[in-house]
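6 protein chains.
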Amino acid sequence: MKLQFDHERVLAVVAHPDDAELLCAGTLARAKTNGAEIGICVLCQGDKGQPDKPVKNLAATRRAEMQAAAKLLGAELFLGGFSDGELADGRPERLRLIEIFRQFRPTLALAHSPEDYHSDHRAASALAESASWSCASRGHKTKSPPLAAPPALWWMDTIHMHAFAPGFFVDISEFVAVKEKMLACHQSQLARGQDRDFSPLLDLMRLQYQARGTQSGVSAAEAFRVRLAFKRARAW
Amino acid sequence: MKLQFDHERVLAVVAHPDDAELLCAGTLARAKTNGAEIGICVLCQGDKGQPDKPVKNLAATRRAEMQAAAKLLGAELFLGGFSDGELADGRPERLRLIEIFRQFRPTLALAHSPEDYHSDHRAASALAESASWSCASRGHKTKSPPLAAPPALWWMDTIHMHAFAPGFFVDISEFVAVKEKMLACHQSQLARGQDRDFSPLLDLMRLQYQARGTQSGVSAAEAFRVRLAFKRARAW
Amino acid sequence: MKLQFDHERVLAVVAHPDDAELLCAGTLARAKTNGAEIGICVLCQGDKGQPDKPVKNLAATRRAEMQAAAKLLGAELFLGGFSDGELADGRPERLRLIEIFRQFRPTLALAHSPEDYHSDHRAASALAESASWSCASRGHKTKSPPLAAPPALWWMDTIHMHAFAPGFFVDISEFVAVKEKMLACHQSQLARGQDRDFSPLLDLMRLQYQARGTQSGVSAAEAFRVRLAFKRARAW
Amino acid sequence: MKLQFDHERVLAVVAHPDDAELLCAGTLARAKTNGAEIGICVLCQGDKGQPDKPVKNLAATRRAEMQAAAKLLGAELFLGGFSDGELADGRPERLRLIEIFRQFRPTLALAHSPEDYHSDHRAASALAESASWSCASRGHKTKSPPLAAPPALWWMDTIHMHAFAPGFFVDISEFVAVKEKMLACHQSQLARGQDRDFSPLLDLMRLQYQARGTQSGVSAAEAFRVRLAFKRARAW
Amino acid sequence: MKLQFDHERVLAVVAHPDDAELLCAGTLARAKTNGAEIGICVLCQGDKGQPDKPVKNLAATRRAEMQAAAKLLGAELFLGGFSDGELADGRPERLRLIEIFRQFRPTLALAHSPEDYHSDHRAASALAESASWSCASRGHKTKSPPLAAPPALWWMDTIHMHAFAPGFFVDISEFVAVKEKMLACHQSQLARGQDRDFSPLLDLMRLQYQARGTQSGVSAAEAFRVRLAFKRARAW
Amino acid sequence: MKLQFDHERVLAVVAHPDDAELLCAGTLARAKTNGAEIGICVLCQGDKGQPDKPVKNLAATRRAEMQAAAKLLGAELFLGGFSDGELADGRPERLRLIEIFRQFRPTLALAHSPEDYHSDHRAASALAESASWSCASRGHKTKSPPLAAPPALWWMDTIHMHAFAPGFFVDISEFVAVKEKMLACHQSQLARGQDRDFSPLLDLMRLQYQARGTQSGVSAAEAFRVRLAFKRARAW
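Protein chains in written order, with our numbering: chain A, 9 to 244; chain B, 9 to 244; chain C, 9 to 244; chain D, 9 to 244; chain E, 9 to 244; chain F, 9 to 244.
Chain A on its own, in the form it takes in the complex (with noise of 0.2 Å):
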């Protein structure tokens, strides 16, 4: 059985800028390969994870990290431009993800799960949610006209897997290398590594591939949920 992504056009909406790599970059790869169009999108500016030995100007740095990963993928990349742990529902910060919704015109998003473990990755779960619907509705203007139609919405799995009932599993197993390529992109948060707040982030991550493809037969694995909600849940 084999989900096909050709001729998609997938937007992963993600609160930082290294957690494309954690949670769907391996599906973002394979989607690529097939044929499909990506875009990711990063609502911080991963402006408040200094390492111990602080990085001058961080948000600039991660920037630049965040354009290397997408480009290893040959993603579209798109910048909230928000403050780390100050991400809200808003006004502003909707239609700032309209506007990037209107510019990529999905097919699909990625958003993460509603009730994962930082409360940037819950608002930007509600931003992408409101954006999926409101980026067809002519009602909100942004620069960009509107679209032709809601994407369709996928819940990403959790960091660590906490409390995520995965909906189904997709393959990973050939596109491991270009998903630890993306995160050996992101030096000045890797450098994090043994500091407070921080496991190291390879480890974690092949930990949660490997446990979801054990999961589900394969070597590795993406975890995700349909988005139940009109609109956004689309036969395949």
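Since the hints were derived computationally from the structure, they do not count as laboratory data.
Don't take each hint at face value.
Remember, identical chains collapse to one label, so a pair may be satisfied in a single copy or spanning two.
Pairs of lysine-lysine residues, derived as DSSO-like cross-links and limited to a Cα-Cα distance of at most 27 Å, are as follows [as the list claims (entries may be wrong)]:
#1 64 - 189
#2 149 - 56
#3 40 - 79
#4 10 - 40
#5 151 - 64
#6 151 - 56
#7 79 - 189
#8 61 - 189
#9 64 - 149
Fair warning: this is a prediction, and the values are worked out from it, not measured in the lab.
Fit chains B, C, D, E and F to the given chain A structure using the hints.
For chains B, C, D, E and F alone, coordinates are given in the frame of chain A:
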């Protein structure tokens, strides 16, 4: 088995002009016939849902449509006056809705399900939950005096029945005509039937009341769930 | 808001002699007062629950106690006659219960929750679910003719309210006296109050109807959930 | 987004002669068109569902009807031969089904949801779950050799969509005709349409595929959920 | 089986002056006796809950009552200072609570359940979840330095045990006296006992600790659930 | 925070010879070190899991392996003696397990989760649930006298962590060596590592204890959930 609505004062709190029609108008009509008093509070103006051929003063047009629908039912109409797509669970919105509760004095409030498809629906759900408590708290000052007790609170079905586990079903077999007539009042909304983000509304409504009816052994039904919370759950 | 039980025929299907008292006797008493006909089907004999000072013919003693309790309520009593602790969801048990359904002809059946604490309760739950369908199926031959339609089915609360999410609450404030008097009939069971595997039953029962009452704004209540299944869910 | 069924061997395991039509025939037809091999295993004979005007050799009649329906689909038909209303999750039933799995060698099995409305459906669900594991275990001896690996397993929707949270939807818009033609083969069952325990089946089927379709943006769909268990969940 | 709280630093984060008494004071008292350090953070002033005979400087009165209750327990008291009924999950509130976490340096935080009955409780829950992460993130600048690691986080029971599935129970049989004495400090709140929106608090509290105790085999208990999220779930 | 197991008598009830190793051996080892007495009851003989190169008297070989593993732990071993793949929740199996409970006299029982992957696991779960109640009921006669009270009951994690929401985590960081040594005793099972229906067991076990450890902030953990039922839930 019958639920008796007589002596109740039922207030439906919805986000948009036609939501009451879609989700609870049959129940309201039945309660009215039983002898209950009915109120409908529509929080948003319906100002963003333009049909292909734009209506000039859309909010005014939709207000007139709502009044016509409420009149058919014999319901008191309350308008929140907020803009479509921008409804928030904030202090001004809460005070506005608390005052509406205090004017109508409901013994039962019907509200959108917390996980419904649209951010306005989710905000309306949170506002109704909050107002259903605070309307009876004298610390919250509004023009009208606080109520003697919070009303009971029920969550309404979601649009398309997505991810809603019914707690119980209300038989509306004899009230389908008024439900359909009320919907027919919303001409400016129905005119959007063929456009990008709406299925023909009458089809959607019929499919839902027939499906809920078939699930519960009648020709038409509406589904609800008791909000399990202090003072809002009430024994029958 | 009131649920009207008049014209109903309510059959409570329980595992042991005092389960109806603990979980639904208030509702049965109220339904009876409303004009409903009441049946109680006790599947097990109560033959294994000896008090410290053993009762000689325990099953006979408990049968007399059940008859006294049913008489208080004005209920018809049906005895499954199975042994305590050995109830199974097997063919003979199903046929026995189908025949009881056909004799009483319920329009509403009350059954133990599928995850209740005792294997007899779980078997009784499965048997009631199965009989509530098969009683109306002419392919299952028993002495009495098949019913015209399956009854509605509600799950009852669990002992101690463990892991039971109420769908709704029935106000039994005016029926506490009869519920307590019915329990008092079960002297051989109450004699076990201090022994190894039972808390004093009256305390347990009071705590539960008070807690369910407090949750739903009355002095005493019983909690139920609609069984969401073909023909057993019914609109009110 | 499309699920590709080519190279699969799909086995639907159902309780009664017309269950595959109601719950998964569109998916089977689509998989067949994709290049998959299809099997249908009906565990019960359909011997208890007499129409008002009794059919003489009902089991034989229904067998012929099943064969006609399977032929329309190009599916291999397997008959469990058990009696209606008596299906149990016992040793002989398990061995029978293990042998059927070994004859058909599925890579994907479809089974009733564990909480469906009928005890035969629930037993069929448990049997399919068990056989989906044991078919690949050489310790369970049957006539045919064990499979190299367990098939994936999906739960099917329930009758009337009661209490079933879809994990995903399969678009069957192009396969509605064959689904309806297959149902039309079951004349002895359709003859029960007006009798006591069945709604007209075609109406029921249409309402369900339309409701699932509307929920997922197509004209007709069937809903499924991945069984999350060792070796039966498979990444796509 | 015993949970050992020694060497812990336990911070209860609640919305209103008497919430800690109702939901976790027994656990705090036991932890204190075990050798833990205890903090109570009350986010709202209790300024809106006037008894029938209004208290002049209500916020000051309630502050004195909180101090008396905290003193009984030997707990450090932190006051958020926000207005009743207006608590929001906003930036200033988060920074205030992050600073409180950094002052107390908890190893375990107790917070309201996300679905509790009052919007202040739900906001307090979101704030505690957010602060439990951000307190250890150096990007969030407050007066005190960031913590070395986030504390564990437990959700507390809800008022009236509505819709709360306990993950585990803490035996507070020996700490009922201090729990009741602490509640008795809140005279201005207890004076509301007969008024419109509160049941007598002592009755409510007793019913709840007895019901949770009976569910878990002791005379009194409090129920909690581990927050399943990155860094906040901790093995024991 | 620590759970103290001293003075407990912990009985793990599992289906197959190596299940205790996979799911709870670390916890058992820790409890033993704490001063608890440990029992392991293996209900099936392990007689159907032949490696590629068949072992002659497989049941005897596996019995010896189990004895070696139990000896490493210092646990008492109880053998149900039932055949693999045929375990049922029947009367003889229940009486056998009740007698084992009465011989070991547990204060805490660990059992498979009700929805685990294998029908033997699900039957073992139901048997343990039933025996955990009936062991203290004098109406169920077996050779040994009834216990004074039912033990507490915890559900164990599932194989591969599928569909199991942990209630809490037990830190087994210091007990990984004995867990791995115990697994190494099962040579006839490990010999199946490359065959059709098993992943290499050591890899599976390591992935699971590492994933559960990472989720709960330690290097290795096992996950459990309290069975929420009368007398089996116990406050700590």
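So, going through the hints one by one against the coordinates:
1. 64 - 189: within (24 Å within a copy, 50 Å between copies)
2. 149 - 56: Between copies only: 10 Å across chains, 32 Å inside a chain, cut-off 27 Å.
3. 40 - 79: within (12 Å within a copy, 40 Å between copies)
4. 10 - 40: both (15 Å within a copy, 15 Å between copies)
5. 151 - 64: between (34 Å within a copy, 22 Å between copies)
6. 151 - 56: between (30 Å within a copy, 16 Å between copies)
7. 79 - 189: Cα proximity of residue 79 and residue 189: one copy only (11 Å, versus 47 Å across).
8. 61 - 189: within (23 Å within a copy, 42 Å between copies)
9. 64 - 149: between (37 Å within a copy, 17 Å between copies)
The structure is consistent with each of the numbered hints, conforming to all of them.
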